[in-house]
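In case you want the letters, here they are:
There are 2 protein chains.
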Amino acid sequence: MSNKIITISRQFGSGGRTIGKELAEKLGIPCYDHELIDKVAQESGFVKEYIAEKSEYSERGGWLANALSERGFHSGMSNQDYIWSIQRKVILELAEKESCVIVGRCADYILRDKAECLKVFIHADMEKRAKRIVEKYGESEDTPLKRLKDKDKRRSTYYHFYTDMEWGNVANYHIALDSGVLGINKCVEILADLYHSNITE
Amino acid sequence: MSNKIITISRQFGSGGRTIGKELAEKLGIPCYDHELIDKVAQESGFVKEYIAEKSEYSERGGWLANALSERGFHSGMSNQDYIWSIQRKVILELAEKESCVIVGRCADYILRDKAECLKVFIHADMEKRAKRIVEKYGESEDTPLKRLKDKDKRRSTYYHFYTDMEWGNVANYHIALDSGVLGINKCVEILADLYHSNITE
Numbered sequence: 013m014s015n016k017i018i019t020i021s022r023q024f025g026s027g028g029r030t031i032g033k034e035l036a037e038k039l040g041i042p043c044y045d046h047e048l049i050d051k052v053a054q055e056s057g058f059v060k061e062y063i064a065e066k067s068e069y070s071e072r073g074g075w076l077a078n079a080l081s082e083r084g085f086h087s088g089m090s091n092q093d094y095i096w097s098i099q100r101k102v103i104l105e106l107a108e109k110e111s112c113v114i115v116g117r118c119a120d121y122i123l124r125d126k127a128e129c130l131k132v133f134i135h136a137d138m139e140k141r142a143k144r145i146v147e148k149y150g151e152s153e154d155t156p157l158k159r160l161k162d163k164d165k166r167r168s169t170y171y172h173f174y175t176d177m178e179w180g181n182v183a184n185y186h187i188a189l190d191s192g193v194l195g196i197n198k199c200v201e202i203l204a205d206l207y208h209s210n211i212t213e
Numbered sequence: 013m014s015n016k017i018i019t020i021s022r023q024f025g026s027g028g029r030t031i032g033k034e035l036a037e038k039l040g041i042p043c044y045d046h047e048l049i050d051k052v053a054q055e056s057g058f059v060k061e062y063i064a065e066k067s068e069y070s071e072r073g074g075w076l077a078n079a080l081s082e083r084g085f086h087s088g089m090s091n092q093d094y095i096w097s098i099q100r101k102v103i104l105e106l107a108e109k110e111s112c113v114i115v116g117r118c119a120d121y122i123l124r125d126k127a128e129c130l131k132v133f134i135h136a137d138m139e140k141r142a143k144r145i146v147e148k149y150g151e152s153e154d155t156p157l158k159r160l161k162d163k164d165k166r167r168s169t170y171y172h173f174y175t176d177m178e179w180g181n182v183a184n185y186h187i188a189l190d191s192g193v194l195g196i197n198k199c200v201e202i203l204a205d206l207y208h209s210n211i212t213e
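Chains A and B, in that order, are what the protein sequence lines are. Counted the way our numbering counts, the first sequence spans residues 13 to 213. Counted the way our numbering counts, the second sequence spans residues 13 to 213.
Heads up, a few of these hints could be off.
Copies of one chain are not kept apart here, so a pair can be met inside one copy or by any two copies together.
[What the hints assert, rightly or not] Straight-line C-alpha distance at most 30 Å; calculated DSS-like pairs for lysine-lysine:
| id | residue 1 | residue 2 |
| --- | --- | --- |
| 1 | 143 | 126 |
| 2 | 60 | 198 |
| 3 | 101 | 158 |
| 4 | 126 | 140 |
| 5 | 109 | 143 |
| 6 | 143 | 101 |
| 7 | 126 | 158 |
Because the hints were derived from the structure by calculation, they are not lab data.
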C-alpha cells in the first residue's frame, strides 16, 4: 500500500497546527511541522530560526527587494529560493518514505501529483483567531488583528509566489474546515475518518 | 430545541444538489431546491421557469442592463430584485418553521445570523464536473467546459451582487468538500454526522 499523506494549510491562529499534531497522534503517524525545519536546517546549513522565518513567510519588504538583497550564494538563487528547493526535496522524500501529516510549507502544492494525498485547509473567523493567539502566544506590541493580518498576508504571498495559486482558495483543497465553529476535536475526527476511508481518486 | 439548517452552495456539476437530497433523506428532514421555486412562484405570481432562471443566476448581459430593462412593476424594483425579496422571505420563514436542507439561492448569506446553521460548499474539478453534467443533462451545443464556466460565472455574479461576498471563498463556509475526490456518499456521511454533533458556536 502506498503512503498516505495529509497536508494541512491553515490560517494563523486557526489551530491548524494543533489539529495536525492531534490527528497524527490519533493515526499513529508522524506530524511534520517544526520537525521539517530541523531537517531543512541539517541539509541547508542555516540556523533553525532563519529557516522558520524563510520557509513559510514572505518578507514584509516584498519579494523583489528580498531576492535582490540576498542573491548570490547558491548558484544565483536567493536564500529563500535555496531554502525552498531543499524544503521541497525534504517533503518529497518524506512522502515517499512514510505516511504522515505535513503542516504548511506549500506541501499541498509540492505533493499535488501524489494520488494518496488529502489536502486540508483550516480557517476560523478573526475574533476566534485573535482570542487564540493571545491565549497561546501572549500579548505583543501589535494588536491581535494586526498580527493575524500580517501573518496571513505573508503566508499568502509566499504561497502564491512559489505555487502561482491562491492560498485559501476552496478549489485547491479536498476539505476546508472552520475550526472556530466545528471545534478542534471534530476537525480531527473528520480527518481521521477520511484517512481511513477509501477516497475515490 | 431550535431548528437546524444546512445550506449547500455548490459549483455546477459538483453533485451538490444530490448531496443535499440524500442528506435530507438520511436525516428525515425536507430539502428545498426546486421546492423553493414553487413557493416563490406562489408568492410572486411569476412562472416557475422564470424564477428558476432569475433566482440564482445573473444575466449574461450584466446586471445594470438587466435592472434597467426590467425596472418598473414593483415599487421601482427590477423583477430580479423583487424575486430576491420574496425568496429571502421564504427562506427566513422556512428556517423558522423547521429543520431542513436548503440548496443554493444565497441561503447561507440570508441565514448568516442564525446560530444553528451549517454552511456548506461543494466543489469538484472541471474534468469531473464536465463528466457529470454530460451524464446528467446530456450533450448540448456548447462544450461542457463552456457550460460549467458560464453557470459558475453567473452564480458567482448573482451571489456577489446580493451578498457583497465572494462565492466559493473558503472563509464563508463552515465546511467545503471536494465531492469529486471524496465521493458523494462520504460527503453525505460527514454532513449527517455534523448535523447530529453539537457545534461549538
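One pair to classify: residue 143 and residue 126, alpha carbons no more than 30 Å apart. Within, between, both, or neither?
Answer is between: at 22 Å across copies they meet the 30 Å cutoff, but 36 Å inside does not.
Up to 30 Å between alpha-carbons, please classify residue 143 paired with residue 101: within, between, both or neither.
Result: close neither inside a copy nor across copies, 36 Å intra and 35 Å inter.
Is the C-alpha distance from residue 60 to residue 198 at most 30 Å within one copy, between copies, in both cases, or in neither?
So residue 60 and residue 198 fail the 30 Å test inside a copy (33 Å) and across (40 Å) alike.
Using 30 Å as the alpha carbon limit, work out where residue 101 and residue 158 are close: within a copy, between copies, both or neither.
neither (33 Å within a copy, 38 Å between copies)
At most 30 Å between C-alpha atoms: does residue 109 with residue 143 qualify within a copy, between copies, both, or neither?
neither (38 Å within a copy, 35 Å between copies)
Measure nothing new, just compare the shortest in-copy and cross-copy C-alpha distances for residue 126 and residue 140 to 30 Å and report within, between, both or neither.
between (33 Å within a copy, 18 Å between copies)
If the cut is 30 Å between Cα atoms, do residue 126 and residue 158 qualify within a copy, between copies, both or neither?
between (36 Å within a copy, 28 Å between copies)
When each numbered hint is compared with the structure, violations occur for hints 2, 3, 5 and 6.
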